[in-house]
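Produce the complete structure using the sequences and hints provided.
2 protein chains.
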Amino acid sequence: MKSFNPPIRTLMGPGPSDVHHRILSAMARPTIGHLDPAFVSMMNETKEGLKAIFQTENELTMPVSAPGSAGMETCFTNLVEPGDKVVVCINGVFGMRMKENITRFGGEAIVVEDEWGSAVSTDKVEQALKDNKDAKILAFVHAETSTGARSDAQSLCKIAHDNGCITIVDAVTSLAGCELRVDEWEIDAIYSGTQKCLSAMPGISPVSFNERALNKLKNRKTPVTSWFLDLNLVMGYWGDDAQRTYHHTAPVNTLYGLHEALVMILEEGLENSWARHQKNHELLRDGLEAMGISFLVDKENRLPQLNSVFIPKGVDDVQVRSTLLNDYNLEIGAGLGAYAGKVWRIGLMGHACRKENIALCLSALKDTLK
Amino acid sequence: MKSFNPPIRTLMGPGPSDVHHRILSAMARPTIGHLDPAFVSMMNETKEGLKAIFQTENELTMPVSAPGSAGMETCFTNLVEPGDKVVVCINGVFGMRMKENITRFGGEAIVVEDEWGSAVSTDKVEQALKDNKDAKILAFVHAETSTGARSDAQSLCKIAHDNGCITIVDAVTSLAGCELRVDEWEIDAIYSGTQKCLSAMPGISPVSFNERALNKLKNRKTPVTSWFLDLNLVMGYWGDDAQRTYHHTAPVNTLYGLHEALVMILEEGLENSWARHQKNHELLRDGLEAMGISFLVDKENRLPQLNSVFIPKGVDDVQVRSTLLNDYNLEIGAGLGAYAGKVWRIGLMGHACRKENIALCLSALKDTLK
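Those protein sequences? They're chains A and B, same order as listed.
For the first sequence, position 84 matches number 84 in the numbering used here, and the numbering has no gaps at all.
For the second sequence, position 231 matches number 231 in the numbering used here, and the numbering has no gaps at all.
I should point out that these hints are in silico values taken from the structure, not numbers from a laboratory.
Among the hints, a few may not be true.
[To be verified] When the alpha-carbon atoms are kept at most 25 Å apart in a straight line, the in silico PhoX-like pairs for lysine-lysine are as follows:
id, chain 1, residue 1, chain 2, residue 2
1, A, LYS99, A, LYS2
2, B, LYS218, A, LYS99
3, A, LYS85, B, LYS221
4, A, LYS51, B, LYS2
5, A, LYS2, B, LYS99
6, B, LYS99, A, LYS218
7, A, LYS221, B, LYS85
Put into structure tokens, the structure is as follows:
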């Protein structure tokens, strides 16, 4: 067993995205204790940075010490009680995963289905909530990483509240890559990941809960099933400054990386980051369409940071991706679930969302498809 | 918000321990995809390295993508079914946490209590298992991080098997710091952490399950509650080489660090690492005892890597630890739970377990206590 030196790739898949050298360097700074006053002040800055990019004043805004799937589980294990009816929207893999979470925590999942590649239908959701007046939660994916479809989070939250529900929103792929306004849109509980448009290394899941979500948590009749993700306990460490009670050992170096990623996004400006993703998406789109390649998702529901395109007829999916990886050190993503073998997912996320990467991708793809 | 540059500390608390520069540098290598063939081959090496330091041939030996508490939860959520009787040994904080896990997953906890600072009593455990013939699991902490007491894992496992139970063992602080032989001692399910005697950065939890434990999992009548930690799903990614099915995004860079930590331990030799911890413990012990400082744990049950010592009478706990941190950049640990304010926990873990650190610690403590 020898030291591992990874190949140098360009990461244009569905995540992880390219991590900037500043962030890699930040991770390599010396480890300090998770209760060190210097670390605690970095934690406070991280919370403030996350509030800025979530566009929220929620006091409970923090990074969960595990990947996006654990962020999802944090929302469901804390908010779903046995017997709770939850309307869950499925238009791709991550809606299915939400449903799985609901049933495992004893909830009753009412499924609203849409075609993979479509946005969640607000009409169908409205109908489902009218048909299930005792539903307590609406859960949906803002940015479906499996297809690249964006749903109208603001309208869905309004419908939920009009029908007495709180909302759980998956923003793993949307955070920092396209418009997302937690407070203005009245999202109640939200989770994301660090390895997409934040361009930090994978392993951390930022979450944010508002008062409505916290009330649901406070009024639980049964304990939260997970000890590790129980926010009543986690908040003893991430919550009140005076406390900082030991709960688990925070992933110190990974959090250095997240902190640096937040510094970089705030330097660029959040709205500038959104605009950069949109502008570069259009550049990539024009290039792909000029090659005769078409998109899975309609223009109006398309995420700029995740471009699902149909694999041209007669082209060998695996062979093309292997050639891109082996000859060009370029990673693009395979299709997932229903679209395995049918689409490629080309990510333009965070630091990977640069003109030089688009030039590389278009040129390498053109050569490979010849 | 500006880039965070941590102070340079010497970490002699209960973890995280000092991380070697080789490991910090490894973490800063460029991120690649979690399904990249180069990454998959590193995953295989990591599994082999973990098997070597756990001293096991268990096929299911892998790093959970979250801190030690999630490793604990992985064991309990997969192995405890609602209604299962579990005998759990409490001689410190982490036994209490085990009990919490058992009840949250619907198990019935039968508690065997010992004084904090003592080893788990094999006699009491034997009696508890005889009194509870329908018990299915014995859970105990090999190395109690809250006190520095080591329990006799081999004898406890034998008693468990003689009484038809499988075992869940907490080895967060013991792995690589003192003798631990998973196969020879017939430990069925075990979890550890990366931030103790592996001296890798916090955030990952190595686990290992043998066939007996896997059988318990396979014969469950109810689904595992956690989706994120469900080994039936996680094994699709970490298990069979041919598969590598996406489950969650692995913490790529943190795993680079773990891989490098394993390379370093295997270079040193596992038994040499155990011996180094013991030798340096004796050096520290002699120095502390010469200052009139005494140990919480009896000599025969004392962990070399975690030295709990009584705070001398009339000494201000917080002030001494602050002086050590602020004037000497030296972190030692506070007491936990029953021993808060009464003991210090001085770690000699992994890369922190060096003669120069002992010299610094003894000298700084002598000056501060003057």
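Checklist line | Hint consistency between A/LYS99 and A/LYS2 [alpha-carbon to alpha-carbon, up to 25 Å] | finding: violated, 42 Å
Notebook entry, point to check: Does A/LYS2 pair with B/LYS99 here, judged by a C-alpha cut-off of 25 Å?
Noted result: With Cα atoms ~40 Å apart, A/LYS2 and B/LYS99 exceed 25 Å; violated.
Next item on the list: For the pair we were handed, B/LYS218 and A/LYS99, check the Cα-Cα distance against 25 Å.
Entry: holds, 23 Å
Check: Within 25 Å, alpha carbon to alpha carbon, are A/LYS85 and B/LYS221?
Finding: holds, 24 Å
Next item on the list: Assess, step by step, whether the Cα of B/LYS99 is no farther than 25 Å from the Cα of A/LYS218, and give holds or violated.
Entry: Since the Cα atoms of B/LYS99 and A/LYS218 sit roughly 23 Å apart, the hinted pair holds (cutoff 25 Å).
Check: For the pair supplied as a hint, A/LYS51 and B/LYS2, is the alpha-carbon distance within the 25 Å limit?
Finding: The hint holds at about 16 Å.
Item checked: Given pair status - B/LYS85, A/LYS221, alpha carbons within 25 Å -> holds, 24 Å
Violation of the numbered hints given earlier is confined to hints 1 and 5; the remaining hints are satisfied by the structure.
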